[in-house]
Structure formats: structure tokens, C-alpha cells
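Asker: Taking this note's numbering, the leading residue of the sequence shown gets 1, the next gets one more, and so forth.
In short, the hints are calculated from the structure, not lab data.
Everything numeric in this text was worked out from a predicted model, so none of it was measured.
Think of the CB as a built atom: it goes at the ideal place given N, C-alpha and C, for glycine as much as any other residue.
Listed next, the in silico DSBU-like pairs over lysine-lysine satisfying Cα-Cα at most 30 Å (straight line):
1) Lys14 - Lys25
2) Lys14 - Lys26
3) Lys11 - Lys26
4) Lys11 - Lys25
So the derived label-pair ranges between C-beta atoms look like this:
5) Asp54 - Leu4: 58 to 66 Å
6) Asp41 - Lys11: 35 to 43 Å
7) Leu64 - Leu16: 47 to 55 Å
8) Lys90 - Val59: 35 to 43 Å
9) Ala27 - Ser47: 18 to 26 Å
10) Ala55 - Phe75: 28 to 36 Å
11) Ala71 - Asp40: 42 to 50 Å
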Amino acid sequence: MTDLISISEEKLEKMLSRACHRGAKKALEAVGLHDEAAGDDIRELRSVLSGFRDAKKTVWRAFLGWLTRWAITLFLIGICFKMGLIPWDKS
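Construct all of the structure, not just a fragment, from the sequences and the given hints.
Answerer: Set out below in C-alpha cells:
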């Protein structure tokens, strides 16, 4: 037969809390974030990530700016050829 064990809600909550705390501690140790400098490490990583995102946006905007300038330049050169402002020998 199976014996049932009765545990009070308070005792169960304490057990679960301890188990969660131990599990979180092991998880942090596994990724190297178990010491006092862990908070500083996370803040530094967030700062680096933020800088990378800003740089990525800047590069993308610069690329689109140059692409737009080239497209407009080619369009204007095409108009100049069509209007005969730039001579072109077709031979």
C-alpha cells in the first residue's frame, strides 16, 4: 500500500523556496555568474550590446543614405543623356 504524507502549506512553501534558491544558485554557477561581480558583468554586457545595436543602426542608415545618393545620381545622369546634355557616340 501507498503511505500518504501530510505536510503543512507553510512547510511545503519553505521546501519549495529552498529548492528554487538552490536551483537558481546552481544555474548561476553554471554560467559563471555566482560571484559579487556578476551584477557588474551583466551591466557591462548590456552596455556592450547597446553599443553594438547603435553601431548597427548607424551603419544601416549610412548604407541606405549612400544607396539613395547613388540611385539619384544615376537617375540624373540618365536624364542628362536623354536630354542630350551629355554627348554619347553610339557607334
